[in-house]
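*Asks:* Given next are the chains, with one letter for each unit.
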Amino acid sequence: MDTMKVTRRQFLKLTGAAAGGLLLPAGFALADVPRFPLHKAIGEKHSICPYCSVGCGLLIANDLEGHISNCEGDPDHIVNRGGLDPKSVSVPQLSKSPLRLKRPLYRAPGSDHWEEKSWDWAIREIAKRIQATRDATFQVKDQNGVTVNRTEAIAFLGGAANNDEDCYLASKLTRALGLVYVEHQARI
Amino acid sequence: MTNHWIDLKNSDCIFIIGGNPAENHPASFYWILKAVEENNAPLIVVDPRFNRSAAKATLYAPIRPGTDILFLGGMIHYILENELYHKEYVLHFTDASFLLDPNFQGPAELDGLFSGYNAEKRTYDRATWKYQTDANGEPLRDPTLQDPNCVFQHLKRHYARYTPEMVSKVTGCPQDLFLKVAQTFAETGKPGKAGTILYAMGQTQHTVGSQNVRAMAILQLLLGNIGVAGGGVNALRGESNVQGSTDMGLLFHTLTGYLPTPTAKDHPTLKAYLEARVKAAGKSYWQNTPKFMVSLLKAWWGDAAKPENDFCYDYLPKLPSGDFSWISLFHAIYEGKIKGLWIMGQNPAVSGPNVRMERAALARLDWMVVQELFDTETCSFWQAPGVNPKDVKTEVFVLPAADAMEKAGSIVTSGRLIQWRPKVAEPPGEAKEDIWILDRIYRAVRELYQGSTDPKDRPILDLNWDYGDPPDVERVAREINGYWTQDVLDDKGNVIGRKGDLLDTFAKLRDDGATASGAWIYCGYFYDRDDGTGHFMPSCKRRGTKDPGGLGIYPYWGWVWPANRHILYNRCSADASGKPWNPDRVLIRWDPEQKKWVGNDVPDFSPTKDPTEPGGDDAFIMAPFLKGRLFSPLNEGLFPEHYEPLESPVKNLLSSVQSNPVAKIWNVDADKPIGDLVGDRERFPYVATTYRVVEHWQAGAMSRWLPWLAELQPEMFVEISTELANEKGIKNGERVVVRSARGEIQCVALVTNRIKPMVVGGETIHVVGMVWHYGWKGLATGPSANELTPHVGDANTMIPEYKAFLVDIRKAV
Chain A
1290 MDTMKVTRRQ FLKLTGAAAG GLLLPAGFAL ADVPRFPLHK AIGEKHSICP YCSVGCGLLI
1350 ANDLEGHISN CEGDPDHIVN RGGLDPKSVS VPQLSKSPLR LKRPLYRAPG SDHWEEKSWD
1410 WAIREIAKRI QATRDATFQV KDQNGVTVNR TEAIAFLGGA ANNDEDCYLA SKLTRALGLV
1470 YVEHQARI
Chain B
-2 MTNHWIDLKN SDCIFIIGGN PAENHPASFY WILKAVEENN APLIVVDPRF NRSAAKATLY
58 APIRPGTDIL FLGGMIHYIL ENELYHKEYV LHFTDASFLL DPNFQGPAEL DGLFSGYNAE
118 KRTYDRATWK YQTDANGEPL RDPTLQDPNC VFQHLKRHYA RYTPEMVSKV TGCPQDLFLK
178 VAQTFAETGK PGKAGTILYA MGQTQHTVGS QNVRAMAILQ LLLGNIGVAG GGVNALRGES
238 NVQGSTDMGL LFHTLTGYLP TPTAKDHPTL KAYLEARVKA AGKSYWQNTP KFMVSLLKAW
298 WGDAAKPEND FCYDYLPKLP SGDFSWISLF HAIYEGKIKG LWIMGQNPAV SGPNVRMERA
358 ALARLDWMVV QELFDTETCS FWQAPGVNPK DVKTEVFVLP AADAMEKAGS IVTSGRLIQW
418 RPKVAEPPGE AKEDIWILDR IYRAVRELYQ GSTDPKDRPI LDLNWDYGDP PDVERVAREI
478 NGYWTQDVLD DKGNVIGRKG DLLDTFAKLR DDGATASGAW IYCGYFYDRD DGTGHFMPSC
538 KRRGTKDPGG LGIYPYWGWV WPANRHILYN RCSADASGKP WNPDRVLIRW DPEQKKWVGN
598 DVPDFSPTKD PTEPGGDDAF IMAPFLKGRL FSPLNEGLFP EHYEPLESPV KNLLSSVQSN
658 PVAKIWNVDA DKPIGDLVGD RERFPYVATT YRVVEHWQAG AMSRWLPWLA ELQPEMFVEI
718 STELANEKGI KNGERVVVRS ARGEIQCVAL VTNRIKPMVV GGETIHVVGM VWHYGWKGLA
778 TGPSANELTP HVGDANTMIP EYKAFLVDIR KAV
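Keeping their order, the protein sequence lines are chains A and B. Reminder that position 132 of the first sequence reads as 1421 in our numbering, one-by-one numbering, no gaps. Reminder that position 34 of the second sequence reads as 31 in our numbering, one-by-one numbering, no gaps.
Simulated from the structure, these hints should not be mistaken for laboratory data. For glycine and all other residues, C-beta sits at the position ideal for the given N, C-alpha and C. Certain hints may be false.
Restraint ranges, calculated between C-beta atoms of paired labels, are given here [what the hints assert, rightly or not]:
1. Leu1353/A to Pro545/B: 56 to 66 Å
2. Pro304/B to Trp1410/A: 42 to 52 Å
3. Lys593/B to Lys1430/A: 18 to 28 Å
4. Leu1353/A to Glu34/B: 38 to 48 Å
5. Lys1430/A to Ser652/B: 40 to 50 Å
6. Pro1387/A to Pro382/B: 50 to 60 Å
7. Glu1404/A to Lys268/B: 48 to 58 Å
8. Leu1353/A to Pro304/B: 52 to 62 Å
9. Asp527/B to Trp1410/A: 26 to 36 Å
10. Trp1410/A to Pro382/B: 26 to 36 Å
11. Trp1410/A to Ala667/B: 39 to 49 Å
12. Pro1387/A to Pro711/B: 11 to 21 Å
13. Glu720/B to Trp1410/A: 23 to 33 Å
Below, a list of computed lysine-lysine pairs in the DSBU-like style, where the Cα atoms sit at most 35 Å apart [unchecked claim]:
14. Lys390/B to Lys1430/A
15. Lys276/B to Lys1385/A
16. Lys276/B to Lys127/B
Isolated chain A (complex conformation):
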């Protein structure tokens, strides 16, 4: 291989391989490729952009705390070939934002502020609301005697930025609870 013609993709691969201490093809002049003192606790991982529906590949690097330290386009990804838009390159800011929600919050009726709550408390209280509303409104049979097992008093929205598996469980759980009002951004 002529080292003068190493493309960016090959270069990334080569430097990655060198950092990982992998074997290079016999006869390859390693000395021609500069070594960088990379100290990555976890190394680069592949991911997919969470914004539009093109599904661009990301290369994500972590810092020692497991947070994202860098994000760039995956040069080997079949669709975006290393290219990214302004949103995709902002992915680290999404994950590391100090404005992210960190604890369950509760707002009581008529209150003008949030209260931080524990997960246990929040989940238990939510389950009680679901049960109370469901039980007060549940219809086992309709006026024609057809088994309908439904409640029209609880609605569910969401999912277009969630994973398939999140959406699947939401679909399964809401239908098991008897919900008919299940909708999300795809409608609108």
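Add chain B to chain A, keeping to what the hints say.
*Replies:* Below, chain B alone, put in the same frame as chain A:
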């Protein structure tokens, strides 16, 4: 998408209408420009604005918002009139030769209506909307396409009124530009040529949204552009996994895999459901619905689902009659019918239509749960500007969620490509993965019902729900994929399937309870397959880069539903005898020696069916008569017909029917300051439309909170033409008030030459555009465009008419 992103490079002509991929799907433009540069493919953009995609176009044509059917219908007319359609394709693969009921009449005869309209109920009686059939139910045909009752002749008469003059008069597009577009795209009707149509919400967010899409499908069928590399009708979907969330049934009318949600009226029992669905399926692959449905019930209720209890079919909620879509849902909250609202990763306080009314609805809830990354406008609706928290009785629970990088799982591109994302970062604080939250809520609810003997609680107590603790997303994936619930042997005692093993294809699903699959179209996505280098892994995790054929199919990368088939209806890529139309772009071809279909893609056809046998050209395996449908009954008729948007500045010049006669209209509090208000041209003379910018995303929860993106696009704006700005004395950058019947907002005026006044029916019409990303929370804030948009929906999907409504505009004092 019928096709996929990389396939754009195979196109001979790219036609973008009602979409702006350069802005909203930037990486796709790499492949679009490849077609332009390497195939000399013309790039046509039709849009009210000279947008970023138009900036790269070889041909740009402006169009008034809400007149796409006239434009596309004009193209159909041009193609039929000049005989530029793909004759062999149309004859073999579409229903052009089928004869229609002799009593059927269309808008050409009935001044804008189809036969069977009931004005009082605003619905159609569909008695005449059908093919003539023989004793066996087979449609009667005229292969000469001359019978006045055949679909082809009906189509010709219907679009005879869509002349270039009419197109120009109604859409505002100059006639010579329209003709240039029609001529250029019609070139793809030549055998071996491929043209693609790309569209987004500019086509769908209209009272005639479904018919806009139908018009594109008809155009592509006539030109032989469906099922070929570089062709297709391709929806550019807006979110990273809106395809997957829809596949998983998060809409009131579908369960997973597009199985319709059962209704109390038509599907009281499993037997009734399956019979109705098999009947509706005709000859299509949907005949297999019993296998898909029973496998879904087994996935959901596991061992409790048995043949003797109809596999727990009774546990599924049955829809009452009526509508449960978005706007109806918010009306049900508004009217106090819905008490509790649970939201997972959505920001309706910015994204909903007529959003002042929808925000007001939230204040009438008893309780609301939101799984979110940030404290969005929806989480904090009770402290919106102008709202006194004391007046809002709603209890609000906000649950901090992990973002996409902080959890593992799969998402699906517009091209149906499923890709797995590993967890690459830790969530902040106590934020949790959504499956953890769902799992915890389920467990807590189950605990509350534990010991109940009330039959109504069985669907919860019998639910097949065991994903470990914490829940393992791969166990969820395996359930969606599907597995054998028991050992199954064939007649000779050979093992077909072993209990617990994953299924590789939906072709193996069964209706006897021996298989479970959470979503039949995903059957195989998590099955271990080769990545092309001898390494086996769950199919959606693969990153194999082999591309046999060089068409960009990459069969070893991830997994495409259904069946890793990359281009739908690909039987149409070959002629009736099985020979590819274009030898350089072979998707599949019939190999007479091996007696099977071979090629670069997975056949969307019976793999060993000889094309010369009867049915050998029945290429559309999901259509009831196995043909591409030029004639297809939707709620407002059989062929797309132009109607004006509900709010329009002009009279319908094509017929006396002003707007879609069956559009979904709501009328709550239509006389109050907040309500289902409709504006007229006297008070609101300008046409408004909404759009997005590359620096922001949807309702802003994942962009307006990020410093870089907030800095790049810091503020809400309305885009107006230089001409309108001059008329109103508005300078670029000045603050203006934009007002509709629903409300008014103040924002910055962006004066550009990207929008031009249009001449419609001799009158000058001004169009203004607004970005819809903004709300009052986050780093970049501003009023929401949706405070102005109407509560009116498409007659089939009920999608709101965000893309064409009326406003007034004035300088802010």
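*Asks:* So the hint says 38 to 48 Å: do the beta-carbon atoms of leucine 1353/A and glutamate 34/B match that?
*Replies:* holds (45 Å)
*Asks:* Go ahead and decide if the range 26 to 36 Å is satisfied by the Cβ distance of aspartate 527/B to tryptophan 1410/A.
*Replies:* violated (49 Å)
*Asks:* Quickly compare the C-alpha distance for lysine 276/B and lysine 127/B to 35 Å and report which way the hint goes.
*Replies:* holds (15 Å)
*Asks:* Verify the CB-CB distance for tryptophan 1410/A and alanine 667/B against the hinted window 39 to 49 Å.
*Replies:* holds (43 Å)
*Asks:* Measure nothing beyond the straight line between the CA atoms of lysine 390/B and lysine 1430/A; if it is 35 Å or shorter, mark the hint as holding.
*Replies:* Roughly 32 Å separates the two Cα atoms, so the pair holds.
*Asks:* Can the suggested window of 23 to 33 Å be confirmed for the beta-carbon pair glutamate 720/B and tryptophan 1410/A?
*Replies:* violated (60 Å)
*Asks:* Could one say that the CB atoms of leucine 1353/A and proline 545/B fall in the range 56 to 66 Å?
*Replies:* Because 43 Å falls outside the window, the suggested range is violated.
*Asks:* Should the hint that proline 304/B and tryptophan 1410/A are 42 to 52 Å apart at their CB atoms be regarded as holding?
*Replies:* Holds: the Cβ-Cβ distance is about 43 Å, inside 42 to 52 Å.
*Asks:* Given a hinted range of 40 to 50 Å, is it respected by the beta-carbon distance of lysine 1430/A and serine 652/B?
*Replies:* holds (46 Å)
*Asks:* Per the hint of 11 to 21 Å, is the separation of the Cβ atoms of proline 1387/A and proline 711/B within bounds?
*Replies:* holds (19 Å)
*Asks:* For the hint 48 to 58 Å, verify it against the beta carbon of glutamate 1404/A and that of lysine 268/B.
*Replies:* Between glutamate 1404/A and lysine 268/B, where Cβ atoms are some 51 Å apart, the hint holds.
*Asks:* With respect to the beta-carbon atoms only, verify the hint that tryptophan 1410/A and proline 382/B lie 26 to 36 Å apart.
*Replies:* holds (30 Å)
In summary, the structure is inconsistent with hints 1, 3, 6, 9, 13 and 15 from the numbered list given earlier, while agreeing with the others.
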